[in-house]
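Kindly generate the complete structure, drawing on both the sequences and the hints.
Chains as they are written, first to last, in the numbering used here: chain V, 1 to 359; chain S, 1 to 491.
In short, the hints are calculated from the structure, not lab data.
The structure displayed is predicted, hence computed values, not measured ones.
Idealized CB from N, CA, C, for every residue including glycine.
With a Cα cut of at most 20 Å, we get these calculated EDC-like pairs of lysine to aspartate or glutamate:
1) S/Lys402 / V/Glu350
2) S/Lys156 / S/Glu129
3) V/Lys293 / S/Asp387
4) S/Lys2 / S/Glu226
5) V/Lys348 / S/Asp407
6) S/Lys257 / V/Glu350
7) S/Lys432 / S/Asp387
8) V/Lys348 / S/Glu398
9) S/Lys432 / S/Asp395
10) S/Lys157 / S/Asp123
11) S/Lys22 / S/Glu304
12) S/Lys256 / S/Asp439
13) S/Lys22 / S/Glu299
14) S/Lys402 / S/Glu441
15) S/Lys156 / S/Asp261
16) S/Lys432 / V/Glu350
17) S/Lys56 / S/Glu111
18) S/Lys295 / S/Glu21
19) S/Lys402 / S/Asp439
20) S/Lys295 / S/Glu17
21) S/Lys432 / S/Glu398
22) V/Lys294 / S/Asp387
23) S/Lys22 / S/Asp215
24) S/Lys444 / S/Glu398
25) S/Lys106 / S/Glu304
26) V/Lys348 / S/Asp387
27) S/Lys473 / S/Glu485
28) V/Lys233 / S/Asp13
29) S/Lys56 / S/Asp107
30) S/Lys256 / V/Glu350
31) S/Lys295 / S/Asp13
32) V/Lys21 / S/Asp13
33) S/Lys256 / S/Glu398
From chain S, some residues computed to sit far from chain V (all C-beta separations above 10 Å):
34) Val47
35) Val49
36) Gln59
37) Asn209
38) Ser225
39) Ala316
40) Asn436
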Amino acid sequence: MSFRSISHSAPFTHQASSVQKIMFTVLLALIPATAFNLYLFGWPAILLFSVTVGSCVIVEAGCLALAGRPVRATLGDYSAVLTGWLLAMSLPPWAPWWIGFLGAIFAIALAKHPFGGIGQNVFNPAMVARVALLISFPVAMTVWVMPHPLFSAGAPGFFDAIAITFGGQMPDAVSAASALGHVKTELTRGIPVSQSMVQAPDLMDMMMGYRAGSLGETSAILILAGGLFLMAKRIISWHIPLSVMGGVFLMGAIFHAVDPARFASGTFHLLSGATFLGAFFIATDYVTSPVSKKGQLIFGLGCGVLIWLIRTFAGYPEGVAFAVLLMNALVPIIDQYTRPRAFGRNRKGEPLPLGEEKP
Amino acid sequence: MKLFPIRGGIHPDYRKELSSEKVIVALPLPAALYIPLQQHIGVPSEVLVNVGDLVKKGQMIARSGGTLSAPQHAPTSGHIRSITDIPAPHPSGLAQTTIVLEPDGKDEWGELPAPIVDPFTADPHTINERVAASGIVGMGGAAFPSAIKLNLGTQKKLEILLLNGAECEPYLTCDDRVMREHADEVIDGARIMAHALGVHRVVVAIEQNKPQAIDAMTRAASAFSEVEVVGVPVQYPMGSERHLVQAITGRETPAKKLTADIGVLVHNVATARAVHHAVRFGRPLISRVVTVSGKAVREPNNIEVPIGARVADLIAFCGGFSVEPESLVNGGPMMGQPLPGLDVPVVKGMSGILALTAAEINQQPASSCIRCGVCVTICPCGLSPVDMAAFIRKDNFETAAKLGVMDCVSCGSCSWLCPSHIPLVHYFNYAKGMINAQDREQRKIEQTRMLAEAHALRVEKAAAEKAAFLAAKKAQAAAASAAKEKDGTPA
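Spelled out as structure tokens, the structure:
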């Protein structure tokens, strides 16, 4: 009697995990924040979300077919859905359909597949797409709307939404500034942060998410819930989220203490824009972040500090996407310098000397 | 006792409950026993018997083949049917020389060496000789000749004998059962080994998922102040020698050194029991406890098996297969080897035979690495499997070696939890083989180069000598002719 066993080698047991399960769990974690924002921004947001996710899946299928790789099996890993989902969450909720469609091409066909597909890309595909869109279409990418909850008075109905998303008919007088954009604009007009902050939504609204902002970023608390769920499921660890938020908060707090008129507070930076979304769902992307815990802390801290720097001194009010991309570029070198110390060896890789009790 | 943390590790499904409550039973003598000459690390033993000989139980039938070797003994009385090549319990299934013994059913003991009456006053050398003559090898799986390890006491300064009862591999329960049912024998064997080594402290480390074994061993050890039984955390690969030493003592064995270099010698609990038998009764190692388990086996069990019984005999004793197994494994599921079939014999280092279903193995086709980094987090050796695998894929063994692939203990933790099901440890074993082969090749080239250089040097020297000789001769001739000319010049 012979066995197929010879084709196997140890270990002859395996944890019941898979890439598909991991991606699916991340999607589950995104549902609360997304559902809330889709409700908050209504039908146009739902349409844009659907177009973006759908386009990513279609573009992924096309790329796989062109590369001669198994289409159905690879689509089943949900990575394209996740990329589309995160991209949609970072778009202005009432942006036209072609923003989502072009974003899918940027994300999947330019940022992911030319590098070799899943696991091979250096830069976070959703953020590449967001940055490419922001630079190419600065107007369309910065039209924010105040919350128009579904079925509330003044909210666009389904057919109004089709006109907004597919017809490019943006109703007048709905646009609003995001809190970050507002503070920045006012600052350029010589109005100090301490004054402009008065008109920004209060911290409670910012935390709950009842504010203007990208399609999925507004509710810090629901994103936090999703992030904690991912930690409980051990999909992500605390290292990246905490160091990103720590970096943003510390820079904000220190400079705010020095000059409150010029610099917004740490709490404001923490709760505004895409800080939470970036910390829990974007910077934690496995493929484009370091593999060691120490590397992840450095990476996260770098993202946090860059987010604050870009928001405070650069031309754009929001810096999450730029910060993550800049740190993505450093991942290979961070990985190289943060490898763990091997058992029985010192940091340089030389065997430990004999007669020493502790390394 | 204060324990020290070890890095990384995993918590696989242990599935020990399949066999942990099964009392050790003796396998009825099979129709034939197949005793390979190579059951240990080192050189094969040398046959002492001829076909047709009648041998008694415990009689030496093959002697040690050299310094690093171990003898073989007849597990029962009977006739030598043949000495032939049969497939070895190795994934290759290659044949090796094996003594085939046909039991006569009498199970008659031959004349055994006299018991060492008071081993604790005996010369350590006497004990080592007895262990060597009894064919005892490491029964945890490595099968390293035990007497050589016991001799280390004379070469290194040892403080602790660490008895490894961690049994961290899933499924295996043979050490658990031995400790529960024969604790006194294990403790006695350990104390004898400690005496032979000249150490005054014995620590028995048992994973906390074996509370009955901890109880039994603690009771057995209570009379001896130098023996301490310690429950260690359930954390695979706790049973890895270096990691267990670190957990118990906090000392980290330097790379390329042995635990003995930092004062700790590790032996398996079943080995200690074999030493007890050899010293107290003169009985050589002729049987061992084997766990037969896995969900493809009808009745998993712990069986005291005479060395040389075929795997098929054990499976039949366990009621056969309930379903056709996907894999048949020699050892535990994490580090075991695939068995080439059922006809191979049980050898001294075989702790388990597992017949596993596809569902238990749960091996999926490998997909792309998503750099989740979990392999880096859990590697008990502090390596970066994700990086090493990337270089090995490109056949860049030099960089893989720089990243420490040779320090990998092949525990399989990274492969176990890789969400992309990449067979990482398989890559590393492949790389280790390639690097060893390259090293051998390199040494060969170096040797050839040295020989060639020496040759060139000799040739050069010979040529120089010849030239010098010719020059001297020429000079001589010139001098002679000059003299002649001078002489011949008419005045």
